[in-house]
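Top to bottom, those sequences are chains Y and X.
Following the numbering used here, the numbering of the first sequence begins with -16 at its first residue and continues without gaps.
Following the numbering used here, the numbering of the second sequence begins with 42 at its first residue and continues without gaps.
Treat each hint with caution, since some may be false.
[As the list claims (entries may be wrong)] Okay, the calculated beta carbon distance ranges per label pair:
1) 151(X) / 40(Y): 16 to 24 Å
2) 78(Y) / 69(X): 37 to 45 Å
3) 21(Y) / 136(X): 44 to 52 Å
4) 67(X) / -7(Y): 31 to 39 Å
5) -3(Y) / 92(X): 17 to 25 Å
6) 38(Y) / 92(X): 31 to 39 Å
7) 38(Y) / 57(X): 46 to 54 Å
8) 94(Y) / 100(X): 16 to 24 Å
These aren't lab readings, by the way, just hints derived from the structure by calculation.
Small disclaimer: the values here were computed from a predicted structure and weren't measured.
For each residue, glycine too, the CB sits at the ideal point set by N, CA and C.
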Amino acid sequence: TQLLEQSPQFLSIQEGENLTVYCNSSSVFSSLQWYRQEPGEGPVLLVTVVTGGEVKKLKRLTFQFGDARKDSSLHITAAQPGDTGLYLCAGFMDSNYQLIWGAGTKLIIKP
Amino acid sequence: NAGVTQTPKFQVLKTGQSMTLQCAQDMNHNSMYWYRQDPGMGLRLIYYSASEGTTDKGEVPNGYNVSRLNKREFSLRLESAAPSQTSVYFCASSRHQPQHFGDGTRLSIL
């Protein structure tokens, strides 16, 4: 069974704080995607990382793909209430063209 | 710019009733997917269709059937609904990656 473990499941912090969300697996992925989902809507892609060690930045969000392409992290600097949402990671496997999804991190940023 | 459209948005069924969830995409994508999302469990793939005319089982196919009607439309059918099928159902489509999602159907089985 291919698993992608995402942690923490829930995080509630004050505006201005920093945070990191982790996705870990024993499987190697050809790419890893991060999505954000707001209540009543479907997930929306934030970024795709493809190369081991790759770092991508999206304003205050920094995404990193592990060197071995088995893990990834999302770091948010100076979190804002607008960052509130469910963050999902998903690893893509070339072997079966399937996405393996993490369980999600529910993030609440309090003003 | 509709993207992926799911109908209905909400539905309440009684145990044993049948229902078809509809999904249509206007992005000319080959692949389409049905997921269910339950609290703390992320997205679980029910069925997918890599191209028009083909369908394959995902992680949790029991109790569901699908039809890829044409390139645009992919429907999910519950033949005899059970309370365990209470969930939020998402349809997605893609050319390769990433996947584009609809806004979901919230289904309650009483």
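Inset, instruction - For residue 94(Y) and residue 100(X), compare the CB-CB distance with the range 16 to 24 Å and indicate the outcome. - result: At 38 Å between Cβs, range violated.
Legend entry - Range hint 16 to 24 Å (beta carbons of residue 151(X) and residue 40(Y)) holds or violated: Given range 16 to 24 Å: violated, Cβ gap about 47 Å.
Inset, instruction - Using the beta carbons of residue 38(Y) and residue 92(X), state whether their distance is inside 31 to 39 Å or not. - result: holds (35 Å)
Inset, instruction - With respect to the beta-carbon atoms only, verify the hint that residue -3(Y) and residue 92(X) lie 17 to 25 Å apart. - result: The hint (17 to 25 Å, Cβ to Cβ) is violated, given that residue -3(Y) and residue 92(X) are roughly 48 Å apart.
Inset, instruction - Given the range 37 to 45 Å, decide if the beta-carbon distance of residue 78(Y) to residue 69(X) lies inside it. - result: violated (26 Å)
Inset, instruction - Could you say whether the range 31 to 39 Å given as a hint is met by the Cβ separation of residue 67(X) and residue -7(Y)? - result: holds (36 Å)
Legend entry - Hint check for residue 136(X) and residue 21(Y) - Cβ pair distance inside 44 to 52 Å: violated (24 Å)
Inset, instruction - Given the hint of 46 to 54 Å, check if residue 38(Y) and residue 57(X) actually sit that far apart at their C-beta atoms. - result: holds (52 Å)
Of the numbered hints listed earlier, those contradicted by the structure are 1, 2, 3, 5, 8.
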